[in-house]
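Novice: Each chain is listed here by its residues.
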Amino acid sequence: MQTKRVINPGERIPRVPEAVFLFRSCTGSLEYPGTESAVKETLKFLGVEAVTDPDQTCCSGFLQACSAYKPEFCLAVTARNLAIAEKKGLDTYTFCNGCYTGLSEFSHTLLSHQDQRAAANELIGRWGYRYEGRTAVYHVQEMWYRLKERIAEGVVRPLKGLRVAAHYGCHYLSAQYGILDDAGYPTFHEELFEALGATPVFYKERQLCCGYSVGRGFTHKEAIVQPHLHKKIKSAAVAGVQLMTTVCPGCNVALDREQPNLNRLYGEEFHIPVIDLAQLIALALGVPASKLGFAANTTSLDHVLKKLNCDKGS
Amino acid sequence: MTKAGKTALIIGGGVAGMEAALRIGQAGFDCVLAEKEEVLGGTVLQLSSSFPRWENPLELVEERISQLKLCGRIKIMTATSAIESRVSKHGYSVTLQSRNGETTNLDIDAVVLATGFGMMDVSVYGEYGYGIYPEVVNSLEFEARIKAWSAGLGKVPEGVAFFKCVGSRDRSKGYPYCSKICCMYTAKQAGLVKDMFPYTKVYVFYMDYRAAGKCYEEFVREVIEKKHVTYVRGRPAKILPEGGKLLVRAEDTLIGIPIEVSVDIVVLASAAVPRRETGPLAEMFGAKADKYGFLERQRFSLAKASDRVFFAGGCGFPLETLAAQQEGASAAAEVIELFAHE
Amino acid sequence: MDADTTYRPLFLNHIDDSLRTEIKRNCSVDVELCMECGKCSGGCPNGHVFDYTPRKIVQLVKLGDRQTLMTMDALWICLSCQACVDRCPSGIDIPAILDYMREKACRTGAKTSRPLVRLFHELVLSSIRGHGRVSELDVALKYNWKAGQPFKDARLGMRMLFKGKFRFYGNGVKQRAEVRRLFEKSVIAKDVS
Amino acid sequence: MHRERDKDRDDNLRRKVDVYHLAENLEDCLQCGKCVGACPVASLSPSYNSRQIVSDVLNGQQERWLKSEEIWRCFLCSGCYAACPVDINFPNLMMQLRYMAVEHKYGLKYVIPFKRFALAALQDGLTFVPAGPKGRDRIRKIRTDIGLSPWPEVSEKAREEYRALFDLSGAGAFMETINEEDDKPVELQYTEGRVTFADKTGH
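Chains A, S, V and U, in that order, are what the protein sequence lines are.
Taking our numbering, the leading residue of the first sequence gets 12, the next gets one more, and so forth.
Taking our numbering, the leading residue of the second sequence gets 5, the next gets one more, and so forth.
Taking our numbering, the leading residue of the third sequence gets 79, the next gets one more, and so forth.
Taking our numbering, the leading residue of the fourth sequence gets 5, the next gets one more, and so forth.
Honestly, the hints are just simulated from the structure, not real lab data.
Some hints here could point you the wrong way.
To be verified - Below 30 Å or equal to it, Euclidean Cα-Cα: the simulated DSBU-like pairs (lysine-lysine) are:
(1) 119(U) x 232(A)
(2) 55(A) x 215(A)
(3) 145(U) x 51(A)
(4) 145(U) x 189(V)
(5) 182(V) x 231(S)
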């Protein structure tokens with residue numbers, strides 16, 4: 012009640028920055044490099060400079076959530092990474108829900124617990140870093156939604172007739188307070204799809220998670236993750252979804268790479284390509300498909316690209 | 005016996021306001037009863053039955069209106085709201101405005117605020133989809149459906165689910181307090197549905213039922229045991245549209261298993277909240293409100309909010325019809341006492 | 079993995095009140111009176127070893143889960159001590175529900191985790207049915223034989239026999255036929271067979 | 005099994021669990037069960053019951069969840085947190101429960117698979133780097149094809165500092181305590197939801 016839950020994008024990002032610190036995601040750069048490329052292309056279109064830094068490391072949130080890393084380590088890593096952004100005087104933008112939650116939760120802990128901040132700063136102080144909490148953490152999807160009109164104006168390849176469904180992923184909406192939409196019934200991706208000319212599809216299990224977030228795909232794959240994903244993809248298939256978007260490369264791995272396994276296990280014929288929201292936007296903005304790295308996808312996009320009259324190469 | 009020269013203004017013509025006006029008028033003082041709507045009765049007008057006796061609340065309203073008219077000292081002003089007030093020699097000088105813009109100035113010696121309560125906008129619960137799915141309604145809207153059904157209109161539902169504590173006892177998106185009346189009216193509505201359609205499945209999702217009052221517990225037990233309404237202990241987590249119906253996901257916490265149920269209508273017992281109008285009125289008369297906007301009574305007083313300002317009914321806290329009548333009478337007692345001493 | 083083995087949440091629409099009305103008709107127990115207070119479970123001397131405590135048993139009846147009621151462990155470890163009935167503010171006779179479900183479990187051959195308890199139960203009842211009262215020797219011998227432990231308690235049995243505690247013949251009561259008729263009249267016999 | 009007694013109850017358990025002060029409002033829990041209704045895991049394996057786990061922590065009972073397989077099933081998807089009417093951050097509680105279980109050597113087998121990832125991440129400063137050269141080459145090719153640098157730039161300085169932080173923060177020492185031979189077995193502990201309902205599930 013004290014803090015506003017849902018805020019409008021203009022309140023969240025009052026002024027569109029000239030440059031942002033783009034926080035590289037491991038999965039988004041290794042498993043689906045097209046995500047990184049699409050984010051950079053879209054930011055370029057929007058006139059926002061994406062600054063990266065080779066000194067930035069992995070956010071380490073995934074391994075922490077898998078109980079493999081101690082939180083003390085991740086607090087120090089977060090402090091170090093954000094100190095780099097702070098030094099540049101830029102706000103941090105991530106393109107992975109995991110990084111978003113890792114950075115925002117850890118920075119929240121650092122900022123609200125004096126002793127933890129002091130401990131982290133002492134650890135990173137030996138190399139001259141210092142974290143003070145001046146850089147704010149955002150997800151690039153907030154920028155997309157903030158500049159929805161500008162993106163809509165720039166669409167040169169309207170996604171007309173394409174039935175697109177959203178997978179929001181959990182770790183942006185789970186922040187609950189001060190975010191763009193209601194975690195109970197988010198619609199801002201669907202609004203973006205409409206802006207791109209596509210037909211948004213509301214399928215039954217739209218808000219089911221991907222099941223991979225804390226490595227359960229490695230430990231409980233048969234027991235829960237696959238039945239869980241079956242439930243989700245099945246409901247999308249029933250609703251006639253042609254393409255699904257994510258805002259988290261981790262979710263993308265689960266939804267894309269598991270489809271052949273689900274087909275084998277359950278005798279299904281799922282074929283719903285899963286790409287990043289930024290890739291969809293970049294596609295509509297006319298970025299050639301060859302720059303969007305769809306080759307990394309297990310469930311191929313060829314028929315979708317054909318429908319949109321663009322080959323892989325164009 | 006006339007006691008001319010003393011006038012009380014009652015703002016709000018619901019059950020509490022009518023009761024206060026009637027008592028003050030019958031004690032021989034002049035009264036002005038201002039009601040924002042075209043007709044007297046307030047929230048009760050929307051109700052189709054009452055607990056714990058299954059009575060028609062409209063009969064009460066009709067009886068009170070005829071008594072008010074008979075009294076002779078009460079001026080009823082419908083479609084009228086108070087827009088301004090100044091402290092005057094004996095009390096307040098109040099400007100009333102009717103809906104068509106006419107203003108009236110009144111010198112009054114005391115005011116009783118009886119603005120009632122409203123329903124929380126539960127569309128903040130995206131998981132319940134109020135405002136998205138047309139068959140998800142709040143309890144007051146459902147009263148209209150009950151009225152339609154009893155008039156032979158509308159489709160017979162196969163299943164109805166009631167969610168209690170939507171917005172109440174919710175520190176996250178709602179209010180921490182218990183709205184007090186939802187347990188009872190939900191039982192009433194569920195019972196009414198069962199009376200009309202015995203083959204309709206009726207589920208009430210509850211955390212606990214708070215039935216503190218004369219014959220209240222018996223009332224709820226009757227609904228469960230005699231009318232066979234299914235009470236499921238657990239707060240529902242999600243409503244999904246499926247095959248033209250609404251699929252509810254919840255846990256049966258008594259056995260600890262996740263459950264699903266498919267129904268036609270979901271009724272949300274929204275938290276009762278202060279009306280929008282109460283805040284400005286309270287400010288106008290210097291009455292103190294608590295952090296939610298409900299009016300606060302002065303220490304050891306029954307109805308006094310500030311000097312010559314009293315309140316009754318739902319603007320203090322959500323309450324049932326009988327309690328609203330009692331509060332109206334309490335406020336009247338304080339006004340009469342004040343007037344009698346001057 | 080077969081898709082059909084995937085667990086799905088309980089679907090309330092599939093629940094009817096058949097078990098509830100059956101219990102009401104045959105045991106005169108109305109589970110709708112339950113207020114879910116848990117006093118029965120708190121006072122149950124065996125509650126800590128029950129897989130489903132008395133409160134949950136009532137809940138299972140409400141949910142109409144015959145299968146669990148007939149296969150659960152609690153069915154065979156309930157002592158029928160009546161503490162729950164004594165304490166229940168609504169007077170719900172939980173042991174009566176369990177008696178009924180036990181008979182159903184025996185007659186439908188439901189799986190059980192306590193086959194020996196069930197065996198003993200069946201032998202005692204059949205003994206009563208045959209003799210009009212429990213014949214200890216009959217029950218003990220049959221039980222030990224069927225339980226695969228024929229020589230268990232043999233020495234004690236011999237001593238008891240010599241002291242005249244067991245009799246081989248003339249165990250029964252005079253009006254056996256009436257007892258048997260009682261068995262035949264019992265609702266469960268009509269209901270299940 | 006034994007009847008729970010007063011002395012079994014650890015009134016301080018919720019504070020002992022909440023090492024990082026991430027679930028301080030646990031006592032607000034209303035036991036309403038909204039979390040379970042929202043839980044994707046409970047809908048597939050009902051003996052995992054977040055409400056019951058909160059109740060056990062609040063009641064100072066650690067036996068059940070500590071040795072349970074259930075706590076390792078949670079996806080940390082935060083659906084429960086979003087649903088919770090009193091904003092209990094259950095995923096954060098779960099995270100701390102798992103650390104406590106690991107401390108007692110339960111469920112190590114669910115952490116060990118990530119040891120390899122962790123050690124690889126320390127070398128590269130990146131998680132999910134394929135182990136073999138073939139996988140790396142594939143990534144290099146895709147990245148080059150779309151006009152990115154062949155490999156995400158992570159400087160040698162960054163990698164060194166990352167490794168150093170790992171040791172300095174105690175994460176290295178913690179990882180050394182996670183070994184297969186110490187693993188104590190866990191099993192499904194909760195009876196919640198073990199109801200057959202043979203013909204009453206699904207639609």
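Novice: Report the numbers of all earlier hints that the structure fails to satisfy, in ascending order.
Specialist: Numbers 2, 4, in rising order.
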